[in-house]
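Peer 1: Residue-level listing of the chains:
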Amino acid sequence: MYAQMVKSEATQDDPEKLAAFQARIDRGEKIEPKDWMPEGYRKTLIRQIGQHAHSEIVGQLPEGNWITRAPTLERKAILLAKVQDEAGHGLYLYCAAETLGVSRDELTEMLLDGRMKYSSIFNYPTLNWADIGAVGWLVDGAAIMNQVPLQRTSFGPYSRAMIRVCKEESFHQRQGYDAIRKMAEGTPEQKKMAQDALNRLWFPSLMMFGPSDKDSVHSEQSMAWKIKMNTNDELRQKFVDQTVPQIEFLGLELPDPGIKWNEERGHYDYTDPDWSEFFDVIKGNGPCNTDRLAARNNAWKDGAWVRDGLLAHAQKKAARKHAAE
Amino acid sequence: MTRDEALAQFLLRMGDNTLILGHRVSEWCGHAPVLEEDIALANTALDLIGQTQMWLGLAGEVQGMGKSADDLAFLRDVWDFRNLLLVEVPNGDFGRTLMRQCLFDAWHSIQLGHLMTSSDERVAAIAAKASKEVAYHLERSADTVVGLGDGTEESHRRMQEALDYLWPYVGEMFQSDEVDAEMVKAGIAPDPASLRADFDALITRIMGEATLTIPDSAFGHKGGRTGKMHTEHLGHLLTQMQWLQRAYPGAKW
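Going down the list, the protein sequences come from chains A and B.
Just so we're on the same page, my numbering is the position in the first sequence counted from 1, plus 4.
Just so we're on the same page, my numbering is the position in the second sequence counted from 1, plus 10.
By construction, these hints were calculated from the structure, which means they are not laboratory data.
Just so you know, these numbers come straight off a predicted model, no measurement behind them.
Be a bit skeptical, because a hint or two may be false.
Subject to a maximum C-alpha distance of 20 Å in a straight line, what follows is the list of computed SDA-like cross-link-like pairs (lysine to any residue) [unchecked claim]:
(1) 195/B - 124/B
(2) 262/B - 321/A
(3) 321/A - 218/B
Produce the entire structure from the sequences given, and follow the hints as far as they go.
Peer 2: Have a look at this one:
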């Protein structure tokens, strides 16, 4: 899930309009940018789509960390293609957010000065090559869990973006699993890398679904608006149930001794992540928050002359064309 | 030098250029001035790495010693590399990266145009595929050089500095040696010196539109394509690129 803890905005609109709006959603109609919508719906979506877009952008950094060290030309090409896809997802999501009346530059400024968040997972480091496999397998896997239902979300542009994003993400997940499988079946050192990656990224991946339902106070309105389709705990359980057999297939040790099949529930039991760590990361105290945000700020600051230069050229060109006419 | 030895050297020159430049361009990932540029840089790097797989794959085949493209990329030392010095110099700012790209793309597109009619069908086939990608690389890098050269005072200054810094690395693209003589004789590749006029015409037009001044110096650094003397930068690049293969020999990834 690339958008966590998105607070639903209260809304103070005309009750009749609100009821008609809710009825459209309940009938499964898509809301389009020019349609009337409650201010809270608009603001919540801007926050959620913006956070999702920022996650794609910041997510380039931990993966980009390994492009120059990828062990084969094919792995390098696959990783480059994946990171390019992520940047592309960022682009469609910013476009979807723009239809709600906020510009990409405004959203970027809010990311850079910390007013907007990105997924907590990208504040963890990628320390060995197996992390790249694990990011595809676990992180993209967790993201897909959330994004597949969002293909049916009520806001048209977001739903359409998710349809495209999900196709690519499924591909990334398969590639990630293939990369880590190669290592799990490889030399003892490679297997150690795979195990290390799984152990480190397991709980942060579970945290991607957000706090437990009993502590998640903002869900109800978003669920009624079909901006959020499932609860955090439902999705987390689904992820655990899907992933445990995959870990066993790889021949790796389970990263949590609490994982056990529960016959009665028909699900795996698991240990909850350390939520104090989650809230620390959200507050900016994860292992990489400072570096990730600094990297994005530097890219923006160091690139100002490029953006200004290209804009100045476009204006000169337009003026020359105008003068010639 | 037999014909196959010369051909293998020629193929290493092509593949090492794309490998090293692809590596440099990929260093930008996540740090570009604007999202579209991040995507374009990753796309360019991806094309170059794909071309590397083809050139080095064929080089290994021609060498006939059972080496794969990966063996050649990850298990050779600095003195074995045959890339132009131009592609191994550090990225510098975005302007220098795009200026380097433009100078390389101009040469590369002309070179590939000739290679498409190579007497060696394998070379012609790789060139035909690569030339489509490189036509786009050149369009984009030239547009960006023009936009930034003819942009603000600051962007103009930075682009002129980039051109001044990189120009001494241009001459090496047009130097010929016995490998090239053998390739010309076999009808496999053109004489590098023969590409200069087309290159100068193209670059003069682009730099003219960019309002930049081509330095008035014919001096050219050399040693990359012969392997006699690389810059200090290449060794550092290889330590990063080759690290996993060197640290865990024989592992399959």
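Peer 1: Holds or violated: are the alpha carbons of residue 195/B and residue 124/B at most 20 Å from each other?
Peer 2: Distance of about 14 Å is within 20 Å: holds.
Peer 1: Under the criterion that the straight-line Cα-Cα distance not exceed 20 Å, is the pair residue 321/A, residue 218/B satisfied?
Peer 2: Holds, because 15 Å separates the two Cα atoms, which is no more than 20 Å.
Peer 1: Does residue 321/A lie within 20 Å of residue 262/B when you go C-alpha to C-alpha?
Peer 2: Not OK: residue 262/B and residue 321/A at ~53 Å, beyond 20 Å, violated.
Of the numbered hints given earlier, the model fails hint 2 alone.
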